[in-house]
Every structure is written in structure tokens, then in C-alpha cells.
Amino acid sequence: MNATDDMTETKADVGGGASDLLRQIGQSKLAVFGAFILLFWVICAAFGYLVVPYDPLALDPLRSFAPPSAEHFFGTDALGRDVFSRIIVGSREIFLVAPIATLLGVVMGTMVGLIMGYFRGPIDAVLGRLMDAVISLPTVVVALVALAALGPSKITIVLVVGFVFLPYVARTIRTAVLHERELEYIEAAKIRGENALYIMTVEILPNVFSLVVVEATVRLGYAIFAVTTLSFIGFGIQPPSPDWGLAIFEGYGFLAAGFWWPTLFPALAIASLVVSVNLLADGIAETRGE
Amino acid sequence: MSSQIINPTLSVRGLEVAYRVRGHEHTVLRDLSFDIGHGESFGLVGESGCGKSTAAMAIVRHLANNARIRQGEILLDGENLLEMSKARLQSIRAETISMVYQEPGRALNPSMRIERQITEVYELMGLSAGDARDAGAEMLRRVQILNPDRVFNAYPHELSGGMQQRVIIAMALATNPSLLILDEPTTALDATVGAEVLDIVEELRRQMGTSVLLISHNLALVSQMCDRVGILYAGLLVDQGESGKVFSIPRHPYTAALIACIPDGKTAKDGKPLASISGTLPKLGEALVGCPYSDRCPLADDRCRVEEPPSVTLEGRTFRCFHYEQAPTISQDTDLITDGQRGNVIDYDAPAVLTVMKASKTFEVGAATFKAIDDISLEIWSGETLGIVGESGSGKSTLGRVIMGLIKPDPGSRIEHNPPQETGPTHRTRSAPQMVFQNPDASLNRRHRVKYILGRSIKKLGGRNAVPMPDAIRKLASDFSLGAEQLEKRPLRLSGGQKQRVAIARSFAGDPALVVCDEPTSALDVSVQASVLNLFMKLQAENDVAYMFISHDLGVVRYVSDRIAVMYLGKIVDMGQADEVLAGPHHPYTEVLLSAVPTLDGPQPTRIRMAEMPAASHRPAAGCPFQTRCPRKIGAIRETDTPPFQPVSANHRIRCHLAAADLPRAGPDRTRT
Amino acid sequence: MTLGKFLLGRLGLALLTLWLLSVLVFLASQILPGDVGSKILGPTADKGAIAALNAELGLDRPPLERYIDFATGLLRGDFGESYSQRRAVGPLLLESSLRSLKLAIVAFVIVVPLAVSAGVFAAMKQGRPIDRIITTIGLSAMVVPEFVSGIIVILILGLWLNVFPISATAPAESGLVTQIYHLILPAIPLVFVMFGYIQRVTRASTIEVLRSDYVRTATLKGLNRFTVIRRHVLRNALPSSVTVVATQVGYMFGGLVVIEILFNYKGIGLLLFRATRDKDFPLLASCVMVVGAVYLLFTLMGDLTHSLLNPRFRVGGKR
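Chains as they are written, first to last, in the numbering used here: chain A, 1 to 290; chain B, 1 to 673; chain C, 1 to 319.
The hints are simulated quantities; they were obtained by calculation from the structure and are not laboratory data.
A few of these clues could be false.
[Unchecked claim] Once the Cα atoms are required to be at most 30 Å apart in a straight line, the calculated DSSO-like pairs of lysine-lysine come out as:
| no. | chain 1 | residue 1 | chain 2 | residue 2 |
| --- | --- | --- | --- | --- |
| 1 | C | 102 | C | 266 |
| 2 | C | 125 | A | 29 |
| 3 | B | 475 | B | 460 |
| 4 | B | 371 | A | 190 |
| 5 | B | 371 | C | 125 |
| 6 | B | 489 | A | 190 |
| 7 | A | 190 | B | 460 |
| 8 | C | 279 | A | 154 |
| 9 | B | 475 | A | 190 |
| 10 | B | 538 | A | 190 |
| 11 | B | 358 | A | 190 |
Nothing here was measured: the structure is a model prediction, and the numbers come from that model.
The whole structure should be built from the sequences, with the hints applied where relevant.
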């Protein structure tokens, strides 16, 4: 019995389709701004190699540490490579690694979260404790140790970051599943004789799906965060890649000497990318109704 | 000759309120005008979407941010509330107007002790801390809380719903306000508890001379409590006047229809079908042309559809209808889906469809255990309805789920379906038992379209048949008045009645022998409830299906049931043929229940009081479950021996220590005709 | 269930998790390739010498035996000897932990009051531009890696504007104030990362409380807005912030590693990094266990404070 009149402004009763989603995102200026920056970097990643003024890998030791000028917009680094070209092209590195790691983590995390939330009992308890153990360490530390053991390469980074994200995604999904399973449509399904797999995938999953999408976009931001950090400490993408984190790793020792440009520009590039992804993620999260 | 009230406490004049949603303005209340005199109680009645809660919020000036009062005045003792300064408004709230609303548990600060929450009110009036405490304790005693110190020390979640509401009433009346607003104050409480709460309010307000504005969807309640009443439809007051007169001589077809929809004590399913109102309730803020009721009204003509009837005052009644003279005598429209045979002939010699023997279910809560259902035995036959009545904690929902196989009962319980059924994730037969739940928002998967919901049920329950799926879905849908348009939608886009019909249709995709209905109409508006109940009865007449109909609403149970079982704290205390259970002799608990239900017409029952409901952990371990509250308790033996089932007639058993002759009996007006 | 029982349960859970962690850490170390002996003596060393060193370090015993040694050692407080530095791990851990602690405290002292009040403020101005600005800033800062904001902050505040010293380690024998002064620059990136999350959760929790029925009751009683916030809103909105702050300790460790590397500050983060790089198992394992234990401890304290503040939680649910 609906006793109160509710006409609060909720955005939550969207149909749920993709076109609705896009329209809603379009309404948030920040999300659109984020989308544009992201798009810019995606284009750089795809076509960068075709348009840059210099070969990003070309060494020129005589011209090392040239400050920014008309010739080299962002100057040159310790090995005489053009920083501007390396920035443009370096975007590809991160796009090869972070999204796949995110996908891996989100897909596996969703499956685990569904299982834990639906079955509860011993499965949930055991898996839960394992997840807690992993979560008790910061992601960077776990990734660091794992990569030290496995040796850093693009593939190992993807695998490690994906697995490290699994518990976080699983926990979020699990909470949502716990809520859903109390609703009567689950009982109605059991009365029909549906089995667990059907209930998890056909009944529950569609209701948590928009949460999965939000998690995925948020995790993407963190994946970029993690990968660049790992590169910075030397356990990420390896030289001579123009990866931004790696560039900072190679250059930060020279900051005090006054050579700021090989380090600042990659830093700004990273900042712009993660912020744009996060703004977009926030825009999507808003469409679910805050 | 209008009956203007001299010096009204509250005078609402021409109030118009609109909400702004996504850039559009929706008018929710229009030209609302009514007066409440000193010491008078006024009821504002309506179904969902009529705007009644908005009216209350407007009066206390606590509307949402996106609401706007477009025009009108609200005069409190002559002062216009809409033009007051913030400071003045604050002091009015502290001293002159008080409000009580629906869920008492949520209205109290969960991390503050009751004492502080009450003394706060007094301190606002200028009392010192010590005086505030004393005054608070005194007020608690006036609301029948006998041990104020214990309650003072408690946190809200430690109190029962009834206690919480009484605390809130104490806080509300502490300041001796001129106006007390009650917004659905008992909807979230059990009938017996709510009845006591309202008695207290009534008693106190007579003592204090407070004016009351009661907002409710429950007509019987309003007619019992209020001197005057106003019926709200789509934001307009369509009928207003003295409550006795409004309900006996309605001046608007909607009032007449509402009255006819409610199952009272007199009709049963094998008599006339319940009247219901065709069409659907307008949504909150929907814009309509002409009279808002015209698309559902049997008296509507072209003029009604185009021109909105003005407010007319005649002989103390104010209404908006061109055809007001004919309103009292409309023969009520019965639903399209109620044609067909009424009533069933039940063959009690055939094997029962459901047999339950000594079913129990024990739950563990922390270290303690409690029995949600205890030693339940019953049978249900084809084509009959067994009504299960009980309040919260009675175990009726657990019983339903145990029967459906959703909860495993304790060892030793026997639950047999006929024909025999499997539980668990396996294939179901066509005759598998089904269940209809209370809240279709939760029982329908909100991400699935209606056609998928029905199709899946047909696939799992329909057995093998040659009909291709799209046709089968269409047929099932049309049997339940759902059209192609509804099939494509998701549940959120349907009305309450449509959603519940989808849930029922889904249950009848096969050919169930038994359907367990767990409060299937409790979440629906009155007018919608009637059509859903008619639907249930029609299905029973056509298919000979048995129902276990669980409800807390005695009126509904009376209407649908052949036999009734009354449950209390996990046990059945009274069971038999419906008219015998209702006429008496009664179990003492049944007697209390019956006395708590207000009637729309005729004399109100004399209320029988019970002591406070114990906490779940304080259930009596032995003896009669009702011993802690029974007004007819005869002694200590009741605490040790479980009362036996005494037959008081061939079809009626009562679990009580009292001798059959001593059991209470209700008066003749309680029987069904 | 009483508070005591609840805490005991939580403690047990934490210990179990800690134990699991020790097993995981040990297992991880088993797959660290390369044997320690050759790492220490160098690639050109004699095979026999390497073998002898490995035997001396006890690396040729079976894994289960080594795990038991490790675990019991931890319990006794004996953390073994670092392979790379050839000193006892225990004191090394202690020194480094203390240094990191100072940095962490500086960061927390800045971020917690700032983020919590920003969250409450944003909630009260919900929907207005200032709310969007604060929340967006928090959101953006949250996701920028610490080393990125660290570099920017070093350049701008440290080198160009010269407001703060870029060396995190104050000169020896400096007083507390000077030490803190040196720690502010490295603390800023940590503040950025933690601010967003704490602010968000506080804001969400405050909004929910503001919308609640009991705040409506308080307002309709005639209390003024300020009193309503002070008496009714805060005590129900803040407990969730407490839990969040506790979990931030975990995230902060990741930041500590990065910041300590960037600033070459000899805290436990830098120690852990070097241990990993040098495959120094005793050091690495101990660092990881300390990090895990501290996180679990803080989560436990967070739960404790939360339940102290929330009576319903304490007494254990509905009647």
C-alpha cells in the first residue's frame, strides 16, 4: 500500500537499454568531458605511430636533455629521444594492458561473487577468507611480489592485475547478490523447479549487471593506476617501451638536477587519462540513480 | 446553506501543490479546501496517488525540494502557515502542530535513547532537564506505558512496534498541540496493536481537546475515528462531510464505489462478487481533462469528460459531481472477469489435496532457538479455501513456505500433496503447488519482460502441449486481462493490479491443485484488491483449485474462506468452518482479533484489551502460547499444560483450557449471511 | 550477542586471515625463481660456495619444515636474518615501521578532518554546484597514482616554489617539528588518494541520514537545523566514515611503497620493495606479514568503533 507520495527526482527508472545509457551520460557535462579526453588518447593509441614527428625509439645521445623548444615540443630525455612523440605513442602501451586486465578481473570477479552470494555457507566462508587475505594487502604490493616471481611482461601484468582485482569485484557483486536473493522472485523461480545455474545467470545476473558495468569502469581507472605504478617501480612494462610510467622511472632521478620535462609530461598524461576514465565511470554510476 | 465552522483550528483554502520532475511540473493537489474545528477529527481518505501525504507535508511545510505551493492558504488558528517566517514556523512546530507517521521504527533516532528523544521536546518548550524528565515519564504513563523508566533507558530497536508508536504519540501530544496530524499511523502495525494505539489517541485527544487530521486509505478506520471526512481522488476533494453521512449517502460515484469494494462481514464469495472499479487509478500528478473520475464512472456523460465539475456545497456536504443525486443509488459495476459460476461444491470425502501432520520448524537466532510453527496439522480439499489468519509472529508465512518446500521443516513433520510432488530443482508436473506473494515488485523479476515471465512458467509448468509458445503466452495473458501491450513491458511499467495479475497468471500457467496465497492483496489499493479477489474466486470456480489464503485482514479472509484457521505464535488456536469461527464460540485470541477490526457501518465492536506482546525470545516455553496476554486466563495451569484441541462442534476446534461452554461468543451481527 | 563475544569472533577471524596470509606468502616465496645463494655471492661465484651458503641459510630443507620454522619464528618475534643485508630483520623492521608511521600519521591528520567535513558539507549542499565541485575534485584526486601527484607536487611546491623541502628525511638530530615539515610534501599525494574515498562515503552516508524519517521527526519537533545536524545526523552518519578510514590504512600502504621509493624515504614500503627486488625472503615475508597485520588490526579497530557508536549493532539485532 503506497502510503506516501513519492515524486523525488530519481533517474533510476531508465529502461536499461544502451541508448538510454548514452543519453543519460550525455546529460552530465563532466562525463562527456571525460569521454572526449579518453577518446583523444584512444586515437593516439591507435594512430599515434603514424603521425608523430620523431621515431619514439630513436636514440640521439648528443641531444639528450634538450629543453622544450619548437623542434622538440616537450624536449628530449636522457637518451635524446623526443618526449612528445613518446608521449603520444606511449598511450598504446597502457591500452594494450589495462583494459584486458580489467575485463579479466571483472568477469572472474563477477562469477565468483555470484557463486559466493548465492550459495553462501561453506563456499562463501572459505572463498571469503581467501579474498580477505588478499585484500588485506595493497594491490600494488601483491602485484609487485607476484611479478617479481613471474617476471614482468605484458602478459604477466595482465594476469596479475586481473587476479588482484578479482576479490574487490567479487565482494561488491556478492553484496548485491545477497540483497537480490532475499527477494521473492528467487523463491518463485525455485517453486518452478529452476536450478542454481539458471537462477544465478538468468534471474540474478541481469539485476546486478548495471553494477558490473559500473565496477568495470571504476576498475579500469584503477587498472591504469596499478599498471603505471608498477612501471614506475620497475616491475611493469619494460624498456625500451615508450610507456609513461616507465618514462618517469627512467627520469625522476634527474628532477633535482633541473631536468623536469622528461618526467612532468608523462605524469600529466597519466593524470589526464585516469581522471577522464573516472569521470566517465562516475557518469555511468550516476545513471543508475544515486 | 453551508456549514461553516466557526473559528476553525485548521483552515485549508484553495491549496495547489505541484512537483517538478525532470523539467516538467506535475500538479498533485488542486483547489484543496477543508476546515477542522476545535477538538474535531477530520479524515482524509484516498488510495495511492491521490495526494493525501502531500497535503500533510504541505501543512507542516516539509515538502520535498522539488515541490512548489502554487497558490492557496493554510490558516492555523487564523495565521497563514505559508507566509510565516522560519523562526515562527519553528515555534509552531515545537508547540502547536505535531505529526505521527507510518513506520514508528524509522521515525526514532536509532542511536539515541528514548529518554533523550522525549526530553528534547519538553526542553524546546522551556522546561529544565529535570522537569522535562518528569513530564516525559508522566506522558508515557498516559499512553499506557506502565514502566517509563525501562522505556527511557531503551533504544528504539529494543521496543515493539506498538510501543514505538506510543512513544511517538507521547512526544506528539507532549506539547498539547492544537493540531495532531496522523499519516497512516497504524498501517505498519498489527490490527490489534494499531487498534490499541488509536484508542489511546482518541482518549487523549478528548481529554486535551486536540484537533486531529487523520490520513488513511482505510475507510472503516476513518469512519470509526473521525467526525468528518474528505475523499481525495487525483488531487481533488470529491466528497466531504460528516463521516456517517458520507458513508451512508455518498455524493460522489467514487465514494459509492469504494464502499462497495470493501469486503464487509456480510458478503461471501458464493454471494455476489465484490464490486470493483474498472480502469486504473491515475498516477500521482497525472494531468486529466474534465472530471478525473470520468473514465471509470458508470454515471459519466459527455459533459463530465470535458468539463471539470465545480465544488458545490449543499446541506453540510461539499462535493464535485454533476450527478450527485444519483450517487447513493448506483448499482455497483461488477468486473468483466466475474461472470461465471460462483461458489464451489466441495467434496470432503475425496482425498485431500494437502495434508499436513505435526509440522514444526525451529529457527536458530544466535544461541537461542524458537519454533516458528509448532505442531501444525491441517488438510485442504479441492476447490476450498482455507483462510489462515494471524498477526506478526504467528508463523503463517513460515507455514506457507514450508508447504511449498522452500523451507525444510523439522524432522517428524509430514507434508503430503495429492498428487505427490517433488521439491528442489527438478522438473515440475502440471499440478505442482504454486504460490502468490504479497509484493509483486519483489516477486516479479524487474529485468524480465512480462512475456518472458509467462513464457518461462508455461515452459516449466505447462507440460507438453502442441500450442506454439507465442500463442500460449497470448492466451494465458488474455485470460488475465493482459494485452499485447503489457506483454512487452517490464514490471516497473505496470500498475499494481496488473503486476499482481501477472504473478497470478504465472501461477496458473500449469494446472495447480493448490495455490498458497501469502497476503496477495495487502499491498494493493482497495479498488484493485476487489478485482483481484474476484479473479481468485473465478479461477477457483472454474478449476476447482484449493487455496491456502494467508492474510492479516479479517474482512478479506471472511470473504474468501470456506474454513478458517487462526494462528498465534506458531500454533493453530482456532479452526473450523468460516461462519462458525466467526460467530463463536471463540478462542480468546480470536475474540480479541474480531474486536479490533473497525466496521464501516453498524456499531463498532467493543474493544478487548490485551497485554503487551512479548519479545520473540520470551515466548512461553510451555503451556498455552497465549497465556501472557489472555484476558480470560484462568490460572497457573495454563503455563504448564499445552491446551488440547477441543471440538466445539463437528467442524470447529479450539485449543483452549476453558470449557466449551465458557468460551466467548460474539453477537449475531458477526455472522455471515 | 554481546560486544565481547562479537569482538572475540572478529579477532578470531582476523587471526585466521593472518594465518592464511602467512601460508600464501610462504607459497609465493617458493616460486620466486633464482636461488638466493648466487644472488648474494654474485653470478661468477664458485658453485660449491653457493651450495654451502644455501645450506648454511637452511634453504635445502623441505618446504613444510621451512614453513613451520617461519611461522613459529614469527610468533616468537624472531624474524630471521635478511639475506641481502645480513642483519636481523626484527630491528630493521622496527626502525622502518616507525618512520613510515610518522609519515602515515601526518597524512591521516591532514586528510581525515578535511575529508569528513567536506563530505558532510557536500551532503548538506547536495545538488548545488559546490557539492559537484567538491565531489568531482575528490573523485579525480582519488585515482591519480601517488607517484604522479608526487612528481607534480615535488616540481611545483618543492623545486619551483620552494615551499617544502624535497627530501623527506630531515637532517639527523632534528626536532619533531622539522621532521614533520619534511614529511608534508610526501604526505600530500597520500592525502589526495584517500580524500576522495572518505569524502564520498561520508557524503553518501550523511545524505541517507538527512533523508531518514527520524531526521524528519527531529525537524518537525521544532529543532533548528544546526541542532538537528549536531544531535541527530552526525552520530548516525559518521560511523560508516570510521569504517572507511580504517580500510584506507590498507590502501595507504600501497601509496607508502610508491612514495617512499620516490622520495627515497627509508620506511617499510621501501624496505618491502627492496626485499622483493632482491628476493630477500625473510625480509619480504616479515614486511608482508606486518603490513597485513596492521591492516587487520585497523579494520578490527574500525569495527569496534563502529559498533560502539551504533547501539543496534552492539546489542545484536532485532528482538
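A quick look at each hint next to the structure:
The hinted pair formed by residue 102 (chain C) and residue 266 (chain C) meets the criterion: a straight-line CA distance of about 12 Å does not exceed 30 Å. For the hint pairing residue 125 (chain C) with residue 29 (chain A), the CA-to-CA distance comes to about 20 Å; that is within 30 Å, so the pair holds. At roughly 17 Å between alpha-carbon atoms, residue 475 (chain B) and residue 460 (chain B) fall within 30 Å of each other, so this suggested pair holds. Restraint check for residue 371 (chain B) and residue 190 (chain A): the C-alpha separation of about 24 Å stays at or below 30 Å, so the hint holds.
Straight-line distance between C-alpha atoms of residue 371 (chain B) and residue 125 (chain C) comes to about 49 Å, which puts the hinted pair past the 30 Å bound. At most 30 Å may separate the alpha-carbon atoms for a hinted pair to count; residue 489 (chain B) and residue 190 (chain A) meet this at roughly 23 Å. About 11 Å separates the Cα atoms of residue 190 (chain A) and residue 460 (chain B), which keeps this hinted pair within 30 Å; it holds. Between the alpha carbons of residue 279 (chain C) and residue 154 (chain A) the distance comes to roughly 21 Å, so the proposed pair stays at or under 30 Å and holds.
Taking the CA atoms of residue 475 (chain B) and residue 190 (chain A), the gap is about 24 Å. The hint holds against a cut of 30 Å. Straight-line distance between C-alpha atoms of residue 538 (chain B) and residue 190 (chain A) comes to about 27 Å, which keeps the hinted pair within the 30 Å bound. Pair hint residue 358 (chain B) plus residue 190 (chain A) holds up; C-alpha atoms about 25 Å apart against a cutoff of 30 Å.
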